[in-house]
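Chemist: From first to last, the protein sequence lines are chains A and B. If you count by the numbering used here, then the first sequence holds residues 99 to 365, one letter each, in order. If you count by the numbering used here, then the second sequence holds residues 17 to 356, one letter each, in order.
There could be a bad hint or two in this list.
Okay, derived cross-link-like pairs now, SDA-like style, lysine to any residue, Cα gap no bigger than 20 Å in a straight line [said to hold, decoys possible]:
id	chain 1	residue 1	chain 2	residue 2
1	A	LYS364	B	ARG218
2	A	LYS129	B	VAL159
3	A	LYS160	A	GLN181
4	B	LYS296	A	ARG342
5	B	LYS297	A	VAL360
6	A	LYS348	B	CYS328
7	A	LYS364	B	LEU253
8	B	LYS356	A	VAL360
9	B	LYS296	B	ARG314
10	B	LYS356	A	ARG357
11	A	LYS348	B	GLY327
12	A	LYS333	B	VAL142
13	A	LYS348	B	ASP342
14	B	LYS297	A	ARG345
15	A	LYS333	B	ILE163
16	A	LYS348	B	GLN332
17	A	LYS182	A	MET310
18	A	LYS364	B	THR256
19	A	LYS129	B	ALA160
20	B	LYS296	A	GLN343
21	B	LYS296	A	ILE363
22	A	LYS364	B	MET223
23	A	LYS364	B	ASP254
24	B	LYS356	A	GLU358
25	A	LYS364	B	GLY251
26	B	LYS296	A	ARG345
27	B	LYS296	A	ARG341
28	A	LYS209	B	ARG128
29	A	LYS333	B	THR141
30	B	LYS356	B	GLU247
31	B	LYS297	A	ARG357
32	A	LYS333	B	GLY145
33	A	LYS221	B	SER92
Quick caveat, the hints were computed from the structure, so don't treat them as lab data. Predicted model only: the values in this text are computed from it and were never measured.
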Amino acid sequence: MSYHIVVCGSIVPDPLQTLEPVAGPGGPALKNEMMLPAVLDPWAAHALFEAANLAKNVPGSKVWLVSVGPKAKLQQVMMHVAQKVPFELVVMDGPAGGFVEAADTAAALAKAVEGITGLDKGKLLLFGGWSSASRGTGATLQILGELLGVTEQFQGVDELRPADDGSFEVKERIEGGGYLRSRCAGAPAVLGWATGNLPEPPNNPQVGMQNMRLIMPALQKAQPAAVGAAGVAYKAVELPGTRRQTRIVKDTPVDDIAREIVEWIKG
Amino acid sequence: METILYLAHPEDNGALGRTALEALAAAKALAAGLGAPFSVGLLGGSVQAAADSIAACGAAAFFAAQGEALAASRYSTDAAACEALCRAAGATLVVAPATARLARCLPGVAQRLGGRVDSNCTGLTVENGAPLVSRWYYRQRMVAAQIREHRPWIITVAPCCFLAEDGQGGSASLQAVDLPAVTPRTEVLGIDAPAADEQTIRPEAEMLLVAGAGWTKKQADGQSHPDKAAEHILGFLDRTKASLGSSKSLVDLSGEGQSVLPFLTHLHQVGQTGATPRHKKGLATCCHGEEPHVVGWRFITERRAVNLDAGCGWAQGKADVLYVADAFAVMAKVNELLGK
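In isolation and in its complexed conformation, chain A is listed as follows (with noise of 0.2 Å):
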């Protein structure tokens, strides 16, 4: 049983930069948005690697990434994501900032998967962060799974393990440190991953013009995607204003240091 694993993720600020809102003409956006310098959405990256893995320990799978977004910036992204590991690029061409509606999101992405040439349903995997770094919903993946009739879902997933009879058991994050385990008697399936348990893979330069190849096609005949907030008014979007006046303790001994601590967590 091989599978086809369908990556969705897009591309959020670099996590190093300081954001700002503005208003622009849609409502909210990110001052010098398209100037900020971008990365693959974080847990949208693990899901990738997790597909890597996974399509090259189960032979003859393949692995999509689906992605709206404007694609002057997925270009960018991609000389970099390209050489982590193989896949196929598929693009919608759209915003990718934080106030756009899931549920446009989502039909834009079904619409990509729908288009995939050579997809086989049967053996679909859809991957994706279960969150992401930019709207931060957790909702994409569900609702696009029910847009494509997927209802095997399962979401914050650290592992996913494939049998032989094409089955699979997940390992789900829940509340207070444990997981939720499963058994689904095989494809297709939505999985939300958290950050899976593989380190992010080293550079290959090979990986990367192979991909290339295709990534850069993909990019020219992105076609654009609708995706907005319509019926949503933002009443206020700002940055969280409050700024602690620190204290600094330095030079003083560490056993007065520990018995304010020792007071302060008592008190």
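Fit chain B to the supplied structure of chain A, relying on the hints for placement.
Modeler: Structure of chain B alone, referenced to chain A:
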């Protein structure tokens, strides 16, 4: 007029959890603000005890989806049950706790109902006769207040944002909803969780101890001392029953096969790709860094840090107190004092 449904599920012990009771408070306040009635919808293996525990909460009706298939958390059966509950109540607004179980299925339910979902909301009020929710964007780096025209509208409420409802027990009369036939292809095998005395992630704890990569660095003698670090960290957790969090850099070291602090996993990670804990107090040790760390710290009320850098970008402006000292020495003494 809006029709409000409070949607929840009992925990393994049959009772509603704290997050569920907080969401009930949010639903009640919303109903009061809108002058609209609200109903309760419960799903689970058996929900009578949970319903009885909130029987006097003021709900107009109690809808129940229960049975063996709903005893365990599974997308296909949970989504079908939640859809049936929403339809039975005729809900235009649904308020639910952001538990792992409901967070997984409710977006799909919104799609089935032709509605929309806003998840992990940290505020829910009424403004000009309409619900106004607050939620965070870009991983707790930006907060927005928003209203929505679309109905039905499902709102999940993040933990620790409302005071939990309490003491409204009685005897609830349940209305069973018709559940559609679902043939799940997923079998729930069970829950993997550490034994209680080995548990280091404690969402209910008053305090969070965050361990940073500094615990693994070379000390004054030119050697690293992971065993000593583990002794200090675990000793503190044992004495205080605090929860443990970690910076990404530290759990990544463990994940890359380095036996640094073997009790740390990605589950402990807070921040950009980790949890956003909500403990009352937080003590960060050997941490320093940039924006990704800050987001894991956002909802901790009282914050203190111990590290060797007086100009630490993480602590400055974000911690209430920064102790510039060797965390090994400080924590050893703290543990000694706590042990007395």
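Chemist: For each hint, tell me whether it holds in the structure or not.
Modeler: Results of checking the hints against the structure:
With a C-alpha separation of about 18 Å, the suggested pair A:LYS364 and B:ARG218 falls inside the 20 Å cut-off, and the hint holds. Distance restraint check for A:LYS129 and B:VAL159: the Cα-Cα separation of roughly 15 Å lies within the 20 Å cut-off, and the hinted pair is therefore satisfied. Of the supplied pair hints, the one linking A:LYS160 and A:GLN181 holds, its CA atoms being roughly 17 Å apart against a limit of 20 Å. The suggested pairing of B:LYS296 with A:ARG342 holds, with an alpha-carbon distance near 16 Å, which does not exceed 20 Å.
For the hint pairing B:LYS297 with A:VAL360, the CA-to-CA distance comes to about 12 Å; that is within 20 Å, so the pair holds. For the suggested pair A:LYS348 and B:CYS328, the alpha carbons sit about 13 Å apart, so the restraint of at most 20 Å is met. At roughly 14 Å between alpha-carbon atoms, A:LYS364 and B:LEU253 fall within 20 Å of each other, so this suggested pair holds. Proximity of B:LYS356 to A:VAL360 is assessed by CA-CA distance (about 11 Å); at most 20 Å being required, the pair is judged to hold.
Between the alpha carbons of B:LYS296 and B:ARG314 the distance comes to roughly 11 Å, so the proposed pair stays at or under 20 Å and holds. As the CA atoms of B:LYS356 and A:ARG357 are separated by approximately 12 Å, the hinted pair is consistent with the 20 Å bound. Taking the CA atoms of A:LYS348 and B:GLY327, the gap is near 11 Å; set against the 20 Å cutoff, the hint holds. Of the supplied pair hints, the one linking A:LYS333 and B:VAL142 holds, its CA atoms being roughly 13 Å apart against a limit of 20 Å.
The hinted pair formed by A:LYS348 and B:ASP342 meets the criterion: a straight-line CA distance of about 11 Å does not exceed 20 Å. Of the pairs offered as hints, the one joining B:LYS297 and A:ARG345 holds, with about 16 Å between alpha carbons and a cut-off of 20 Å not exceeded. Restraint check: the Cα-Cα separation between A:LYS333 and B:ILE163 comes to about 7 Å, which is no more than 20 Å; the hinted pair holds. At most 20 Å may separate the alpha-carbon atoms for a hinted pair to count; A:LYS348 and B:GLN332 meet this at roughly 14 Å.
Annotation: proposed proximity of A:LYS182 to A:MET310 holds, straight-line Cα distance about 12 Å (limit 20 Å). For the hint pairing A:LYS364 with B:THR256, the CA-to-CA distance comes to about 9 Å; that is within 20 Å, so the pair holds. Restraint check for A:LYS129 and B:ALA160: satisfied, since their Cα atoms lie roughly 16 Å apart, inside the 20 Å limit. A hinted pair counts as satisfied when its Cα atoms are at most 20 Å apart, and B:LYS296 with A:GLN343 qualifies at roughly 18 Å.
Between B:LYS296 and A:ILE363 the alpha-carbon distance is near 11 Å, which keeps this suggested pair within the 20 Å criterion. Only pairs whose Cα atoms come within 20 Å are accepted, and A:LYS364 paired with B:MET223 is accepted, the gap being roughly 11 Å. For the suggested pair A:LYS364 and B:ASP254, the alpha carbons sit about 15 Å apart, so the restraint of at most 20 Å is met. Restraint check for B:LYS356 and A:GLU358: satisfied, since their Cα atoms lie roughly 15 Å apart, inside the 20 Å limit.
Of the supplied pair hints, the one linking A:LYS364 and B:GLY251 holds, its CA atoms being roughly 16 Å apart against a limit of 20 Å. Distance restraint check for B:LYS296 and A:ARG345: the Cα-Cα separation of roughly 19 Å lies within the 20 Å cut-off, and the hinted pair is therefore satisfied. Distance check on the hinted pair: B:LYS296 and A:ARG341 sit about 18 Å apart at the alpha-carbon level, within 20 Å; holds. Restraint check for A:LYS209 and B:ARG128: the C-alpha separation of about 18 Å stays at or below 20 Å, so the hint holds.
Simply put, A:LYS333 and B:THR141 have alpha-carbon atoms about 13 Å apart, close enough for the 20 Å limit, and the pair holds. About 17 Å separates the Cα atoms of B:LYS356 and B:GLU247, which keeps this hinted pair within 20 Å; it holds. For the hint pairing B:LYS297 with A:ARG357, the CA-to-CA distance comes to about 16 Å; that is within 20 Å, so the pair holds. For a cut-off of 20 Å, the pair hint linking A:LYS333 to B:GLY145 stands: about 14 Å separates their Cα positions.
Restraint check for A:LYS221 and B:SER92: satisfied, since their Cα atoms lie roughly 19 Å apart, inside the 20 Å limit.
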